[in-house]
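Peer 1: Next come the chains, spelled out residue by residue.
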Amino acid sequence: MPREKFQALTEQMFYILMCLRNEMCGMDIMSRVEAETNGRVKVGPGTLYNLLEQFLEAGFIRQTRVEGRRRSYILTEKGLWTLRDEYRRIQAQSADYRRIMGEEGL
Amino acid sequence: MAQHNYYYKFCSHAIYDYHGLQSELEGMAEKGWRLDRATGYGLWRYRAAEPKRVRYEITYVSAASSEQLVPTEDELEMEEYCAAAGWEKAASLAQMQIYCNEAPDAVPLETDEVARLRSIQASMKKNYWPNHFILLGLMAFQLVLRLSLLLRNPVETLTSRADVYLLGLVSWALVSAVVNLVLYALWSVRSEQAVVLGLPCVSQRSYRWARRIFMACSGAILLGMVWVWPALASALLIGAILVLVIGIEEYTAWQKKAKKSSTAGILMAVVVPLLLMGMVIASPAFHFQPNSNYIADEPENMIVTLEELTGAPSGSGHEIADMGTTPFASSTFYHQDWSGKMISYSVYELKTPLFRDACVESVITGFREWKYNLNSPDPVEADPGRWNAEQVWHCEDDGYDRWLIIYETRVVSFTADWVLVEDQLAILAEAFAF
Numbered sequence: 001m002p003r004e005k006f007q008a009l010t011e012q013m014f015y016i017l018m019c020l021r022n023e024m025c026g027m028d029i030m031s032r033v034e035a036e037t038n039g040r041v042k043v044g045p046g047t048l049y050n051l052l053e054q055f056l057e058a059g060f061i062r063q064t065r066v067e068g069r070r071r072s073y074i075l076t077e078k079g080l081w082t083l084r085d086e087y088r089r090i091q092a093q094s095a096d097y098r099r100i101m102g103e104e105g106l
Numbered sequence: 001m002a003q004h005n006y007y008y009k010f011c012s013h014a015i016y017d018y019h020g021l022q023s024e025l026e027g028m029a030e031k032g033w034r035l036d037r038a039t040g041y042g043l044w045r046y047r048a049a050e051p052k053r054v055r056y057e058i059t060y061v062s063a064a065s066s067e068q069l070v071p072t073e074d075e076l077e078m079e080e081y082c083a084a085a086g087w088e089k090a091a092s093l094a095q096m097q098i099y100c101n102e103a104p105d106a107v108p109l110e111t112d113e114v115a116r117l118r119s120i121q122a123s124m125k126k127n128y129w130p131n132h133f134i135l136l137g138l139m140a141f142q143l144v145l146r147l148s149l150l151l152r153n154p155v156e157t158l159t160s161r162a163d164v165y166l167l168g169l170v171s172w173a174l175v176s177a178v179v180n181l182v183l184y185a186l187w188s189v190r191s192e193q194a195v196v197l198g199l200p201c202v203s204q205r206s207y208r209w210a211r212r213i214f215m216a217c218s219g220a221i222l223l224g225m226v227w228v229w230p231a232l233a234s235a236l237l238i239g240a241i242l243v244l245v246i247g248i249e250e251y252t253a254w255q256k257k258a259k260k261s262s263t264a265g266i267l268m269a270v271v272v273p274l275l276l277m278g279m280v281i282a283s284p285a286f287h288f289q290p291n292s293n294y295i296a297d298e299p300e301n302m303i304v305t306l307e308e309l310t311g312a313p314s315g316s317g318h319e320i321a322d323m324g325t326t327p328f329a330s331s332t333f334y335h336q337d338w339s340g341k342m343i344s345y346s347v348y349e350l351k352t353p354l355f356r357d358a359c360v361e362s363v364i365t366g367f368r369e370w371k372y373n374l375n376s377p378d379p380v381e382a383d384p385g386r387w388n389a390e391q392v393w394h395c396e397d398d399g400y401d402r403w404l405i406i407y408e409t410r411v412v413s414f415t416a417d418w419v420l421v422e423d424q425l426a427i428l429a430e431a432f433a434f
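Taken in order, these protein sequences are the chains called A and B.
Residues 1 to 106 (my numbering) are what the first sequence spells out, left to right.
Residues 1 to 434 (my numbering) are what the second sequence spells out, left to right.
Heads up, a few of these hints could be off.
Each computed DMTMM-like pair below joins lysine to aspartate or glutamate, with the alpha-carbon atoms no more than 20 angstroms apart [as the list claims (entries may be wrong)]:
{"#": "1", "chain 1": "B", "residue 1": "K126", "chain 2": "A", "residue 2": "E57"}
{"#": "2", "chain 1": "B", "residue 1": "K126", "chain 2": "B", "residue 2": "D163"}
{"#": "3", "chain 1": "B", "residue 1": "K371", "chain 2": "B", "residue 2": "E408"}
{"#": "4", "chain 1": "B", "residue 1": "K126", "chain 2": "B", "residue 2": "D74"}
{"#": "5", "chain 1": "B", "residue 1": "K341", "chain 2": "B", "residue 2": "D357"}
{"#": "6", "chain 1": "B", "residue 1": "K9", "chain 2": "B", "residue 2": "E26"}
{"#": "7", "chain 1": "B", "residue 1": "K89", "chain 2": "B", "residue 2": "E156"}
{"#": "8", "chain 1": "B", "residue 1": "K126", "chain 2": "B", "residue 2": "E75"}
{"#": "9", "chain 1": "A", "residue 1": "K78", "chain 2": "A", "residue 2": "E11"}
{"#": "10", "chain 1": "A", "residue 1": "K42", "chain 2": "B", "residue 2": "E102"}
{"#": "11", "chain 1": "B", "residue 1": "K89", "chain 2": "B", "residue 2": "E102"}
{"#": "12", "chain 1": "B", "residue 1": "K52", "chain 2": "B", "residue 2": "E26"}
{"#": "13", "chain 1": "B", "residue 1": "K351", "chain 2": "B", "residue 2": "E408"}
{"#": "14", "chain 1": "B", "residue 1": "K9", "chain 2": "B", "residue 2": "E30"}
{"#": "15", "chain 1": "B", "residue 1": "K126", "chain 2": "A", "residue 2": "E53"}
{"#": "16", "chain 1": "A", "residue 1": "K42", "chain 2": "B", "residue 2": "D105"}
{"#": "17", "chain 1": "B", "residue 1": "K125", "chain 2": "A", "residue 2": "E57"}
{"#": "18", "chain 1": "B", "residue 1": "K125", "chain 2": "A", "residue 2": "E53"}
{"#": "19", "chain 1": "B", "residue 1": "K9", "chain 2": "B", "residue 2": "E249"}
{"#": "20", "chain 1": "B", "residue 1": "K125", "chain 2": "B", "residue 2": "E75"}
{"#": "21", "chain 1": "A", "residue 1": "K42", "chain 2": "B", "residue 2": "E113"}
{"#": "22", "chain 1": "A", "residue 1": "K42", "chain 2": "B", "residue 2": "D36"}
{"#": "23", "chain 1": "B", "residue 1": "K89", "chain 2": "B", "residue 2": "E75"}
{"#": "24", "chain 1": "B", "residue 1": "K52", "chain 2": "B", "residue 2": "E73"}
{"#": "25", "chain 1": "B", "residue 1": "K52", "chain 2": "B", "residue 2": "E88"}
{"#": "26", "chain 1": "B", "residue 1": "K341", "chain 2": "B", "residue 2": "E396"}
{"#": "27", "chain 1": "A", "residue 1": "K42", "chain 2": "B", "residue 2": "E80"}
These are calculated hints, taken from the structure and not from any lab test.
In isolation and in its complexed conformation, chain A is listed as follows:
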């Protein structure tokens, strides 16, 4: 069964969207994600390019400026809701873990 698009965000999707709470050009996103996660999460250029295209198509982000070949983007309302939904999903997962694993003393 094919996975529904953006049903659950991957780590890279999550952090790229979070970076775009402020207007930012594609090039800066790679370094910002790495910095904000203390190097734990790295976004490859191919992944970044393709995700930005997919987010634009899904209406999660919009283009704000084009300077030469540098395009800047910002999160849309729809993108913000998607990000919040994902956060709630992760929170729920985390709460479930604490409850279930905590009960078993793990």
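Please arrange chain B on chain A, whose structure you already have, making use of the hints.
Peer 2: Chain B alone, transformed into the frame defined by chain A:
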């Protein structure tokens, strides 16, 4: 001595199988060959370099296009992102972008398998699916036409090398399009299942040998033209096809490199090879009729002669022609015209039981419908016992004596310009039951 700086190698991996492509390119780099150009016709060019461990990664830009003479803005934007991460573009082919990096600890080009799979699927949807569906549709249409021809004229079709060859070629192209689509669909579904589990997309490396065999078979089938047409005509046609396929791509590559865009130029690249192909097909070499190959005129090559039938010396006047020979059927025409008497007969050898009944029915229909004039009588079934045959049809028409004798794997259609007597029929029966 001139140093060979380039090495050409056929790429036997599917365009979406990035695992296979990456490992092939890394293996070549270790041997001292760096990818210089990737081509749609499969012959990839490598340039000599210091043998080194080089990382190759492939990414897919669905907005890129092979028809664009200059790199698209999307491709250039991607190049900029990659350059910032230390990746250098090695080559591109339609939506597929190939990058290399000598730093072992560089951030991978793709860090999210879900996003990667989506971009591959979007790219394949743009080029791979439409191209294969167009090929599939064209070949299915051609196959229907060829099969209807086979059902309408089974003997003519099965004895014609050109028809049998084209039927095989069309079937092969159809099967290859279906196989390619099925393999991609399987890869896509399995990769979906893998990425859900956090694994990378699946590899098709294990199909590499199957692909090579498939490609070799395709080449052999193309070269099989020499079985149908004269070698010169076949070579010219194959040459024209290669000029068409390779010429357009090489020309657009040159224009890309020169950063030029000329509509007239691309038109020339398409029109010139097409004209060349038209000229080859229209050339006299191609209009040589392989179905009427003259064989011999010696009486010993005849199955039965006028001399054997009439007892009178018949001299020359023999003619034997191969009307078509294939692994499925053959048709040979025999004729002798001497001293006011004439015999002519066609012998059909049916080598496959698959269309045997259809061929027999077609020959009977042809025999029954053929008339010298409007008042010609209809042929009637005769006793096959004397002929040791399955079925015999006979017609005396305007002084001509026509016989159709059907054996298990052979059909003989015989005509004499006089009415045969019993003794002559006995000679014929003995001669044709060889």
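Peer 1: Next step is simple, just say for each hint if it's right about the structure.
Peer 2: Cross-check of the supplied hints:
{"no.": "1", "hint": "B:K126 / A:E57", "in the structure": "16 angstroms, holds"}
{"no.": "2", "hint": "B:K126 / B:D163", "in the structure": "35 angstroms, violated"}
{"no.": "3", "hint": "B:K371 / B:E408", "in the structure": "26 angstroms, violated"}
{"no.": "4", "hint": "B:K126 / B:D74", "in the structure": "15 angstroms, holds"}
{"no.": "5", "hint": "B:K341 / B:D357", "in the structure": "34 angstroms, violated"}
{"no.": "6", "hint": "B:K9 / B:E26", "in the structure": "14 angstroms, holds"}
{"no.": "7", "hint": "B:K89 / B:E156", "in the structure": "56 angstroms, violated"}
{"no.": "8", "hint": "B:K126 / B:E75", "in the structure": "16 angstroms, holds"}
{"no.": "9", "hint": "A:K78 / A:E11", "in the structure": "18 angstroms, holds"}
{"no.": "10", "hint": "A:K42 / B:E102", "in the structure": "19 angstroms, holds"}
{"no.": "11", "hint": "B:K89 / B:E102", "in the structure": "12 angstroms, holds"}
{"no.": "12", "hint": "B:K52 / B:E26", "in the structure": "9 angstroms, holds"}
{"no.": "13", "hint": "B:K351 / B:E408", "in the structure": "10 angstroms, holds"}
{"no.": "14", "hint": "B:K9 / B:E30", "in the structure": "15 angstroms, holds"}
{"no.": "15", "hint": "B:K126 / A:E53", "in the structure": "15 angstroms, holds"}
{"no.": "16", "hint": "A:K42 / B:D105", "in the structure": "12 angstroms, holds"}
{"no.": "17", "hint": "B:K125 / A:E57", "in the structure": "16 angstroms, holds"}
{"no.": "18", "hint": "B:K125 / A:E53", "in the structure": "16 angstroms, holds"}
{"no.": "19", "hint": "B:K9 / B:E249", "in the structure": "17 angstroms, holds"}
{"no.": "20", "hint": "B:K125 / B:E75", "in the structure": "18 angstroms, holds"}
{"no.": "21", "hint": "A:K42 / B:E113", "in the structure": "13 angstroms, holds"}
{"no.": "22", "hint": "A:K42 / B:D36", "in the structure": "29 angstroms, violated"}
{"no.": "23", "hint": "B:K89 / B:E75", "in the structure": "10 angstroms, holds"}
{"no.": "24", "hint": "B:K52 / B:E73", "in the structure": "32 angstroms, violated"}
{"no.": "25", "hint": "B:K52 / B:E88", "in the structure": "15 angstroms, holds"}
{"no.": "26", "hint": "B:K341 / B:E396", "in the structure": "16 angstroms, holds"}
{"no.": "27", "hint": "A:K42 / B:E80", "in the structure": "17 angstroms, holds"}
When held up to the earlier numbered hints, the structure conflicts with 2, 3, 5, 7, 22 and 24 and fits the remainder.
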